[in-house]
Every structure is written in C-alpha cells, then in structure tokens.
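*Asks:* For chain A, the structure is supplied; the task is to place chain B on it using the hints.
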Amino acid sequence: MALADYKRDMEGCSRCSSCKWVPFNQIKSWRFAKNCPSICRYNFHAYSGSGRMIIANSILEGRSELNEAVAEIVYRCQLCGACDTACKVYRDDIDLTEVLLELRAFCVESGELLVEHMAVIDALKREDNVLGEPKERRGEWAAGLPLKDINRETCEVFFHAGCRYSYDPDLRDTLRGAVSLLLDAGVEVGIAGAEESCCGGRAYELGYRGEAANYADDLLSRVKASGARTLVTACADGYAHLRYLYPRMGKELPCEVLHITQYLDRLLAGGRLRLRNSLPTLFTYHDPCHLGRMGEPFLSDWKGDKLERPMSLKRAGRKGVYEEPRRLLRALPGAGLAEMERIREYAWCCGAGGGVLEAFPDFALWTAAERLEEALASGAEALATACPWCVRAFRDTASQAGIDLPVYDLIDLAVTAAGISVPAPA
Amino acid sequence: MSETAAKTFGTISEEAYRDLEEAVGPENASREPGVLDGYAWQPTNNDHPTERWVKRPVAVVLPGSTAEVQAVVRACNRHGLKFKAFSTGWGVWCGPTYDNVVQVDLRRMNRILEIDEKNMYAVVEPYAIAAQIQAEVMKKGLNLHIHGSGPNCSPLASATSGWGVGHDSIYMSYSPRNVLGAEWVLPDGEVLRLGAPGSGLGWFSGDGPGPSLRGVMRGSAGALSGLGIFTKCALKLYNWPGPPRIETEGCLLDARSEIPENMGFYLCAFPDRASFLEAVLKMGEAEIGYNALRTATAAYLNVMTPRLFKRLTDTKAIRDLMGKTLEYTIMMVLAANSREELDYQAGSLLSIVEDAGGIALDMSTQKPFVRMALMGFVRATIPALVFRIGGSFNTALDRNDALDTQENWRDACLAIKEEWISKGGILDDMGDNPYYVPYENNMWAHCEVVYQFDHRKPEHRAALEPIFLDFTIAALEQCMEPMFSSDPRVRAIIGPLAGGFNRWQREVSKALDPGEAADSTLYCGEGAFDLSAVDGAKVKRLNELIEKLKPEA
Numbered sequence: 007m008a009l010a011d012y013k014r015d016m017e018g019c020s021r022c023s024s025c026k027w028v029p030f031n032q033i034k035s036w037r038f039a040k041n042c043p044s045i046c047r048y049n050f051h052a053y054s055g056s057g058r059m060i061i062a063n064s065i066l067e068g069r070s071e072l073n074e075a076v077a078e079i080v081y082r083c084q085l086c087g088a089c090d091t092a093c094k095v096y097r098d099d100i101d102l103t104e105v106l107l108e109l110r111a112f113c114v115e116s117g118e119l120l121v122e123h124m125a126v127i128d129a130l131k132r133e134d135n136v137l138g139e140p141k142e143r144r145g146e147w148a149a150g151l152p153l154k155d156i157n158r159e160t161c162e163v164f165f166h167a168g169c170r171y172s173y174d175p176d177l178r179d180t181l182r183g184a185v186s187l188l189l190d191a192g193v194e195v196g197i198a199g200a201e202e203s204c205c206g207g208r209a210y211e212l213g214y215r216g217e218a219a220n221y222a223d224d225l226l227s228r229v230k231a232s233g234a235r236t237l238v239t240a241c242a243d244g245y246a247h248l249r250y251l252y253p254r255m256g257k258e259l260p261c262e263v264l265h266i267t268q269y270l271d272r273l274l275a276g277g278r279l280r281l282r283n284s285l286p287t288l289f290t291y292h293d294p295c296h297l298g299r300m301g302e303p304f305l306s307d308w309k310g311d312k313l314e315r316p317m318s319l320k321r322a323g324r325k326g327v328y329e330e331p332r333r334l335l336r337a338l339p340g341a342g343l344a345e346m347e348r349i350r351e352y353a354w355c356c357g358a359g360g361g362v363l364e365a366f367p368d369f370a371l372w373t374a375a376e377r378l379e380e381a382l383a384s385g386a387e388a389l390a391t392a393c394p395w396c397v398r399a400f401r402d403t404a405s406q407a408g409i410d411l412p413v414y415d416l417i418d419l420a421v422t423a424a425g426i427s428v429p430a431p432a
Numbered sequence: 026m027s028e029t030a031a032k033t034f035g036t037i038s039e040e041a042y043r044d045l046e047e048a049v050g051p052e053n054a055s056r057e058p059g060v061l062d063g064y065a066w067q068p069t070n071n072d073h074p075t076e077r078w079v080k081r082p083v084a085v086v087l088p089g090s091t092a093e094v095q096a097v098v099r100a101c102n103r104h105g106l107k108f109k110a111f112s113t114g115w116g117v118w119c120g121p122t123y124d125n126v127v128q129v130d131l132r133r134m135n136r137i138l139e140i141d142e143k144n145m146y147a148v149v150e151p152y153a154i155a156a157q158i159q160a161e162v163m164k165k166g167l168n169l170h171i172h173g174s175g176p177n178c179s180p181l182a183s184a185t186s187g188w189g190v191g192h193d194s195i196y197m198s199y200s201p202r203n204v205l206g207a208e209w210v211l212p213d214g215e216v217l218r219l220g221a222p223g224s225g226l227g228w229f230s231g232d233g234p235g236p237s238l239r240g241v242m243r244g245s246a247g248a249l250s251g252l253g254i255f256t257k258c259a260l261k262l263y264n265w266p267g268p269p270r271i272e273t274e275g276c277l278l279d280a281r282s283e284i285p286e287n288m289g290f291y292l293c294a295f296p297d298r299a300s301f302l303e304a305v306l307k308m309g310e311a312e313i314g315y316n317a318l319r320t321a322t323a324a325y326l327n328v329m330t331p332r333l334f335k336r337l338t339d340t341k342a343i344r345d346l347m348g349k350t351l352e353y354t355i356m357m358v359l360a361a362n363s364r365e366e367l368d369y370q371a372g373s374l375l376s377i378v379e380d381a382g383g384i385a386l387d388m389s390t391q392k393p394f395v396r397m398a399l400m401g402f403v404r405a406t407i408p409a410l411v412f413r414i415g416g417s418f419n420t421a422l423d424r425n426d427a428l429d430t431q432e433n434w435r436d437a438c439l440a441i442k443e444e445w446i447s448k449g450g451i452l453d454d455m456g457d458n459p460y461y462v463p464y465e466n467n468m469w470a471h472c473e474v475v476y477q478f479d480h481r482k483p484e485h486r487a488a489l490e491p492i493f494l495d496f497t498i499a500a501l502e503q504c505m506e507p508m509f510s511s512d513p514r515v516r517a518i519i520g521p522l523a524g525g526f527n528r529w530q531r532e533v534s535k536a537l538d539p540g541e542a543a544d545s546t547l548y549c550g551e552g553a554f555d556l557s558a559v560d561g562a563k564v565k566r567l568n569e570l571i572e573k574l575k576p577e578a
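Order-wise, the sequence lines are chains A and B. In the numbering used here, each residue's number is its place in the first sequence (first place is 1) plus 6. In the numbering used here, each residue's number is its place in the second sequence (first place is 1) plus 25.
Just chain A, same shape as in the assembly (with noise of 0.2 Å):
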C-alpha cells in the first residue's frame, strides 16, 4: 500500500473533532475527556488525527509540501490509536491508523527522518534490538532458568521475552517471573536467547517497513522450526506486531498468539496458577495501548468500498485483550481495582510509543505524568500495567516528576501472590 491508496479516507474526514475526545458517551469529566495526547500537548489542528490525515491529503493534492516541520509533526504521535478507535465510534470508511503509518513511511521514503528513530533503526541492523545494547547478552535475563533451547529443541510453549524486558535491568527478573509462573505450572517453556531478535514493529511504527519485514521473516522461521503450537510474550508492543501487524504483511505465525496475562488467566482459570499471599492494596490498571486498541488481531485487508465492510472486520478497538488483566488484578488476594476514566479501547496512552520517547522525550514525559494524574484521581495505591515501555515510562516519570504513585507490572504482581520462588540469576 502507498499513501495515495488512503486518500479516500483521509477525504472522508468530517472534521468533526470526535478523533479529539474520548468517546462522548464516556466522558465522566472536564479534566480527564481528552484523548490524544499530541493534540493536547501542542494544540493545532494538525497534530491530531484528523489533522495529520488533512496534511496528508494537501501533499497529495500538491496543495502543500512535506518538509521538515511538517515531517516533525508527523512524528510527534504515539501511534497510540485512540484517534481512530474514537472515529470509528461514527465511521466505518477511515482506517486513521493506517494513515497515520503510511504517512510515517513516506515521510521516510522521501527523505524526512529524525536522527534519533535512525539510530534505533541502525541499532536494530547492528544488534537486532531497538535499545542498542550486544546482541550475544539478550539472552542473558534467562541465565539459570530450566527453558528450552528453540534454537536446538522442540517445545510446548515459544517465549518471545522483548527488547525492552531483555535488556532492561529493572524489568529482567519480571521476565524472569514470567516464566518461572509458567514452569511452575508444568508448562515447557522455550525460547530463543540470544539468538531472539526485535519483532520489528517498532520499525514498522517508525516508516521502515523492509527491516520490519525481515525481522518477521526471522521470527516466523523460528517458530516453524520449534514445532511450539503457542507462543507467548509478555511485551505488548510485540504482542500487538505478531497479532496485527504479521498477518497484515503476510507474515501469520503458525501457531497460537498469546499475551503473557491471557495465559495467565488460562492458567488461573485451570487451576495451575494459584494465587495465595495477600497484596492488600488497592489498584488501578492502565491500558497498555498495544494490548488493548492496537492488540486486536488482524481481521482482513479490505480491498473494496468500506463502506461495504462488514462490521465484524472493522478495526474499533474492542476485541483487544482488556478483561484478562484485569481478571488476574481482581484474582490477587486482597487487592482491589479502582479504575480510571479513560480505560479500554479509550484509554489514555503511557507516551512511550511510536518513537516519542526516542525522539521527544519531554513529550513522553508529559504524557505519562498526565496519566499517572489521571491514576492519582482514581483514588488508587498504585498502578499496575502489563507492558514494559508502560512500566518503564510511568516509574521514570514518577521519579522525575515527583508524582508518589508505585507502578507495577502485573507480572510482578502475580508472582508475589503466587509465592512461587524466581531462581536468581546464575
């Protein structure tokens, strides 16, 4: 596809506004009815969805050109998705999202990059991860654990850890956890160590589709040669990539996709998780994008009028993974859920994505804070969330910022109640 192929969405704009807001019927106050963060931070028309789609449109057009400021407007968005989810509460004939993405890859093909999103792209030639860090040490967080070699053996189960989780110190025994809740359950785990490489969403996010293409070319050879019927990974970027973003370039994965909460919860549901220690606290629990409006699978690529497209293929952000997190939050002895207004398919963004926190790390940081406001007013002890780049840009901000809010990945969570033992690293 090529950005001229959405020009009938971006046509179909209405200029309505709604991509601005949180669905309208779910508005619960004046300080927290905002959706999108960009708009909000910088207030012209054109950082919103509907705006970008205009500025799209008046390039083709030849009404306007792309140049640096605008190529940085482009870039200043998470890629959150809760424009489109938003629009589409109206319309069915325009897919924002993938406006937004195609506008990123014409801004890289003609040209307009940003040092920073090229020194992740570098970083991911050189070391096949996004964060830069030696690709012989990805594998490291597993060192001790009784998991298979994927590389070498067949297995149940193939664990796909992340770059971030991989290579994160403070997010490596949460990995860790991971998957000691899951060979405590019986499961046989494999993965893939050092060997395991980036997903290649993040390229794609950035507009550079050939080395998002090939990361999943890898990824798929991998898995066949496993033999794994379930693949699990507790990043949600990745999660959303392999469920969405695969099958959309024609790249499905022979086998099952799932987050690291849903096999939780199917092992809770099992009775092979069992969770008993109190964590008498109460919660709130932030959305991560890529798990919930950005984590619904890929449903079809529709060739035709989509106005014609039936329902059940419309990407609206409701079939994304919000209840599992949720019923592991709830199953925690003790705990309570307080929840915040924007939540689900409306939930606000942590910042972190789409290149932000790489290339306008202020922007990230705002972002995030005005979510952990947002989790302050709910009335909770502490947030809990499901992704790494979540946990990552709330504890960074909260430390920056001041903000007295403790962020935790549910994983963490779930090992704490499960009592299970983490072997430390040998």
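Hints are computed from structural coordinates only; laboratory data are not their basis. In this text, a Cβ means the ideal position worked out from N, Cα and C, and glycines have one as well. One should not assume that every hint holds.
To be verified - Now the stretches of chain B that chain A is said to cover, found in silico as 3 or more residues with beta-carbon under 8 Å:
#, region
1, 125 to 134
2, 150 to 158
3, 165 to 179
4, 269 to 281
5, 402 to 410
As the list claims (entries may be wrong) - Taking lysine-lysine and the DSBU-like style, the derived pairs with C-alpha atoms no more than 35 Å apart in a straight line are:
#, chain 1, residue 1, chain 2, residue 2
6, A, Lys320, A, Lys309
7, A, Lys309, B, Lys341
8, A, Lys13, B, Lys482
9, A, Lys325, B, Lys392
10, B, Lys482, A, Lys309
11, B, Lys448, A, Lys320
12, A, Lys312, B, Lys335
13, A, Lys312, B, Lys482
14, B, Lys448, A, Lys312
15, B, Lys563, B, Lys575
16, A, Lys312, B, Lys392
17, A, Lys40, B, Lys143
18, B, Lys164, A, Lys325
19, B, Lys482, A, Lys40
20, A, Lys320, B, Lys392
21, B, Lys349, B, Lys563
22, B, Lys261, B, Lys165
23, B, Lys335, A, Lys309
24, A, Lys320, B, Lys482
25, A, Lys325, B, Lys335
26, B, Lys341, A, Lys312
27, A, Lys320, B, Lys349
28, B, Lys335, A, Lys13
29, B, Lys392, B, Lys349
30, A, Lys320, B, Lys341
31, B, Lys535, B, Lys573
32, B, Lys448, A, Lys309
33, A, Lys257, A, Lys325
34, A, Lys312, B, Lys349
35, A, Lys325, B, Lys482
36, A, Lys40, B, Lys261
37, B, Lys392, A, Lys40
38, A, Lys40, B, Lys165
39, A, Lys13, B, Lys448
40, B, Lys164, A, Lys40
*Replies:* Same frame as chain A, now just chain B:
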C-alpha cells in the same frame, strides 16, 4: 512550497506575523502551509458546494486569554488582515472566506470558570465542549442545553454565535434563551460585557443590569464570528433529576447505560398529521418531557445499520412500513424528581396520545434499545452518526416556527429530496429525515431536514447547489425566513423580501467593525446562485416569487 501553489494562497507580511507571535507567543502561532490546511478542510456545508477546501488562512493563532484575543484582533486591524474565530471547528462557518484571514483557534480557552449551583448557571470559555460541561454539572444535579450538533461542540459558540436547538429543547429551549451574559471582543479589539457582567454584578442575567444587546449580538442565526469573538459566557443550567454520573459501558451503538429509575421513554406514533400536531401541542400544554425528538424510523436505521438498511429498503413493503405506517412518530423522554412525578408525566402523556388516536410504546421495557439510546438522548451522542453513510450531510434551509408550519416544510423538503435521491444526487435515506424538535410549550418547533451525501462522489458535489436552490424556492413558496439565511446566496434573495434584514446586518457590521477586520461573509455577505445550468422553469418560478413577495415601495 512550489511557486504554483504559492500563487493560489494569501500570504502574510513578516511584520504582521511578528505581531501575531507577540500577541500569543511564537509557539501558539503558525503559518506553515500544512498546518494552515488543517483549518481549510471543510467538506461539510462548504459554501462552495463543489469544493471541499475553503480559503486557507494566512496564519493561525491560539490565544489563551481574552487579552491575547484582543491583541490578535488589534494586530489584524493594524495590518489590514481579517480574523475568523472558531471553537471546535466543525463546519464551513468556522473557516475563512477571504484570502487574508487569520484563523483564531480558541482551543486553549477551554475552561469551565464557574458553576453556580444555587443560581443555576455556568461560566465557560469557548472550547469547553458540551460533554465536559454536562459531566461536571450533572455532579451537582444540573444539566445544560446541548444543541443538536452534539456533545463535541461548544455551547458558548451556539449560545453567542449560531443557531442552537437540540433534543432537550422541549425542556431547555434553544441557545439564544440560554446565554446569561457574555464577554465579547469587538472587531476593533475593545471588550464589551453584556448582561449582568457589564455592571460587574456577576453572571446571572443576560439582559441587565448592564447592557443588553442580545439581538445585535446574535440575532436569529448568529454572527458566526462576523462581529467579533466571544471569550466567556454564562449558560443557564436546568434541573437534572438523574444520577451524578450515568454509568455506561461501551461507546455508542454498543453502549449499555444504567437507566435512572425516574426516567421514562415513550415512542409515540400517530395515524396522521392532524393527530400528531394535536398531541404534541397538548404535551406542551401539559409541560411534560425532558427530551423530545420527532423520529423518522428509517433515518435512524439508515445510520445505525446502514448495510441492512440498504437491503431492507429494496423491499417495497418494508419501505412502506417504515415510511408510511411510522410516518408520524415522536420519541418522548421523561425525567422526574420522584417516581410519583414520573407516573404523573407518563399518565398525562399516555392520555394525550390515546385521545389523539395514537399509540405509545413504553420503551423503558425495551432494555437493549433504551440502554443503548439513553446517552444518545441525554448527551446527544447520536447525531454525528449522520456522517456514517457518506461522510457528509447538509440540511435544508430550515427554520424555527409554529409547530404546524413545520409540517409544510417537511413535506416540501421530502418532495425535493425524493427527486434528488432518484437522480442519484444524494444518498437514499428514504427522504423523510427531519431533525424536528418541539419547544417552548411546543407552540414552536424546529424542523431541520437532513440530507446525506458523499462529497467524494462528483455527482453528489454537483447536485448540492441545485438542491440548495430548490430549498430556497420552497422557502419562498412558504413565505419562510429560513434559518440558513447565513448563506450569502440565500440572504441576497430572502433579505430584501423579509424586512431588509440584510441591510440592517450590514449597518451593524459597519458600526461595530469600522476597520472591516472581521470575516463577516457568513454574517452579512451576499452572493448569487449559479443559475446557468438550472432548469428554466425553476428559474422562472424563482423570479415570479421574488416579484410576488417584493415589499411595496
């Protein structure tokens, strides 16, 4: 920017732009073409129907205070520029009509400044949208009038500058009645406070103590920023007998709301026009109803289940059932302070409907529907679905007038729409699609006939101006002063026949805007229909009517 493209658009001098930057801060001004085009895309209600873009502004500014608005307006006066303000930016009336316009985007002025629970008003800025204000005032047992455009729009803009009926008009009337004082930056940059705030006595009254210029300020249709910029206003609040927050799952058509026990929902259907009118008038006399909307069953199905609608309406019997059998219906939403009061209201309603020979379906018992539709009524979340089937809509000229005259208008519009549906000029909604609300004891009503189109289709764009001319002729046939006389083409025809209101508008504009800084085309400009391709019989009829209705010298 290519040379070719640059010739197409207006430009701004360095000095003028520096002044704008100084007025609002450099981060709140832009002249980047891509950014400016964000303000030029207006496919809905474009005043040039074959176009989707309006004039591109030469710059956009985001003032954050009244003082910054004043500074922007004064800079425009100094540099021979025009200004055009908007709040949420939906519709062509928000965009420039000249080549030298500075777009004033009021997005940063978004606060609810005060909610006076005791005196039942809220003071708001332009970008506080209806849904936000409602969410806050409901916590205090209050509600506000939301005009039919819906919860994403600015109540200040409607109250001070344009039209303003809604589902709730049966209980809260329409926007001109709901403005209690306003802060107005005049076209020369001076600030005028109308109503009680003009005397520094708070915001409780729009008509004094202090100057009352409500008629000049907005008149019938509003000046649409053609007479300056409103930076604050007080809105009347009303009783809300429901809960502080309506608990709702889902976003719109998948919504499931908790239904307050003291609300009732009745779909009333009548056998004919006379019985419908008789019943609605009696409902007004009985002073019952919290929301009321005359429903065209087909129109609802059209936007809620468009694919199914297409298939159903290919079946003549079903088409007749929806169009004829359910022709005279109205949805009545009741809200009361107690179960006893609700019983009284419901009893009155059922008695009136029965006396008129109609039937009333108690939709409260139809949980899937009413749980989905509750917010659609109370927060007016459904109207934007009108975009669903083609992306654009327009309305016939429409008016606020006596209840029975609205039926004539509806009939006339139906005939015009059926003709254009059959020609493929607009989308098929079965024709009968009025946004029809009774108010002020139901002596008055507003009938805004909707037609939908897909502006991506050239044949639809080509049809828009001829359709508008047809509605204009129909309005003249009925001696009607149409609400959409804000359209320069319609104003030029209707104005001289209706007391010369266009001349008075020009005089007001001249007096308040000596520097001609406001973009006032939609307030008092005049234009002409392109009659070159119009059926000769229609042109002849238009001229006959103009001659017939011309006031005697």
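*Asks:* When the structure is checked against the list of hints, which entries are broken? Sort them ascending.
*Replies:* none
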